[in-house]
Structure formats: structure tokens, C-alpha cells
Amino acid sequence: AQSVTQLDSQVPVFEEAPVELRCNYSSSVSVYLFWYVQYPNQGLQLLLKYLSGSTLVKGINGFEAEFNKSQTSFHLRKPSVHISDTAEYFCAVSGTQGGSEKLVFGKGTKLTVNP
Amino acid sequence: SAVISQKPSRDICQRGTSLTIQCQVDSQVTMMFWYRQQPGQSLTLIATANQGSEATYESGFVIDKFPISRPNLTFSTLTVSNMSPEDSSIYLCSVGQLLNNEQFFGPGTRLTVL
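Chains as they are written, first to last, in this note's numbering: chain E, 241 to 355; chain P, 25 to 138.
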């Protein structure tokens with residue numbers, strides 16, 4: 241079975257500051273890793289994914305994440321945040337059938353960007 | 025990427041009634057999933073719905089409470105039966121794309137049970 245731990249439930253930052261949202265996973269098999277964003281009153285949008293290859297993954301809106309197998313982590317980073325990045329961010333893991341396997345989500349991190 | 029719509033977008037229902045949520049996809053997909061997001065919580069998978077077979081339910085979810093239909097490759101419904109206030113949640117459908125190993129989510133149905 242797989243599980244995901246998002247270490248911070250809320251992260252407040254000031255505009256233009258860097259941010260890191262932490263995610264650790266547990267699995268006995270190889271996994272795919274995802275970050276989704278949920279803006280207020282909207283559905284989920286995929287930010288980025290790690291399937292294989294380079295451990296540094298770049299996504300939309302200037303976000304990137306680094307897969308660290310030894311630490312079983314997949315932390316999300318952005319060097320300079322905007323007010324519009326205020327949202328809830330979910331880390332998720334699936335088996336390596338990807339689109340045909342269920343996603344296991346972390347509890348989410350609420351990012352609040354203040355002016 | 026797949027475009028997914030859900031109906032209704034939100035509803036307020038009385039205890040003991042049932043609500044059927046529709047999920048429509050703009051392309052044929054094999055795998056469809058139904059998730060629940062309780063207030064302030066993460067997403068939990070309810071069931072996986074494949075066309076032409078019975079839905080597969082996760083632990084803690086049963087067909088009598090959450091019957092699912094999957095009549096074709098672009099459509100599915102989830103019914104929340106005999107509702108109680110604890111069923112107040114956002115219900116989201118998603119579809120899996122094997123080509124790029126992603127799941128795409130619908131906008132969700134926000135259900136409030138009084």
C-alpha cells in the first residue's frame with residue numbers, strides 16, 4: 241500500500257518570497273508522483289508529475305519538484321510566489337500504471353501568499 | 025487532455041434523499057474514478073468504474089450507498105443514497121489516460137445535506 245505525508249498543513253508566505261511545500265511518500269513498489277493544485281471552489285489541476293528520468297521536474301506556473309528516492313520525498317518549490325498562487329496543493333502517488341491506477345493523496349497544504 | 029464536466033455543480037439536499045451526479049468526458053476513456061473530498065480534507069477514492077463491468081469499491085464504501093453506472097466510454101454516474109449530513113462533501117470524477125500516465129479531474133459537485 242502507498243501513503244503520502246504532507247508535512248505542513250498551512251504555509252503563509254509573502255509575495256515574491258520562495259516557498260517549499262514538503263511531501264514524503266511510502267511505497268513498497270515503484271511509484272509515479274504528482275502535485276495537484278486546487279484553487280478556491282475549483283477542481284484539481286495537475287502542476288507536474290514525476291514518472292522516470294531526471295529527478296528535477298518542471299511544471300506549470302513556475303513550479304518545480306525534485307524526486308529524492310533515498311529520502312522518499314517529492315518537495316514542491318517556487319523561487320518567487322505571487323498572490324495568485326494562493327491555493328491548496330496536494331501531493332499524490334500512484335503505481336506505475338499511472339492513468340489506470342488510483343491516486344493516493346496527501347492531506348494537502350494550504351498556501352497563502354500575503355502582499 | 026480530457027475535458028470533464030459534472031452535473032450538478034452544487035446541490036443542497038434533505039436528509040434521507042438521494043442525489044445522482046453525472047460525469048461527462050469529451051473523449052472515450054477506459055478508467056473513470058470517483059473521489060470524495062470532505063470539508064477541509066483530502067481526496068479519498070470511492071470507486072473505480074470501468075465500462076462494461078461492475079465498479080470496484082474501496083474499503084469503507086459500498087455499492088448500496090454509492091451505486092455507480094458506466095453505460096459507455098464517455099459517461100458515468102454516482103448516486104449518493106439515503107443521504108445524511110456526513111455525506112456533505114465535494115464529489116469529483118476523474119479519468120485516467122494511459123498514454124501520459126495522468127488523471128484529469130472534473131470541477132466537482134459540492135453537496136450539502138441538511
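What the hints contain is simulated information worked out from the structure, not anything from laboratory work. A portion of the hints provided could be inaccurate.
Straight-line alpha carbon distances no greater than 30 angstroms define the calculated DSBU-like cross-link-like pairs of lysine-lysine that follow [said to hold, decoys possible]:
#: 1; chain 1: E; residue 1: K309; chain 2: E; residue 2: K347
#: 2; chain 1: E; residue 1: K350; chain 2: E; residue 2: K309
#: 3; chain 1: E; residue 1: K298; chain 2: P; residue 2: K31
#: 4; chain 1: E; residue 1: K298; chain 2: E; residue 2: K309
#: 5; chain 1: E; residue 1: K309; chain 2: P; residue 2: K31
#: 6; chain 1: P; residue 1: K89; chain 2: E; residue 2: K347
#: 7; chain 1: P; residue 1: K31; chain 2: P; residue 2: K89
#: 8; chain 1: E; residue 1: K298; chain 2: E; residue 2: K347
#: 9; chain 1: E; residue 1: K350; chain 2: E; residue 2: K298
Being a predicted model, the structure only gives us computed values, none of them experimental.
So which of the earlier hints does this model not fit?
3, 5
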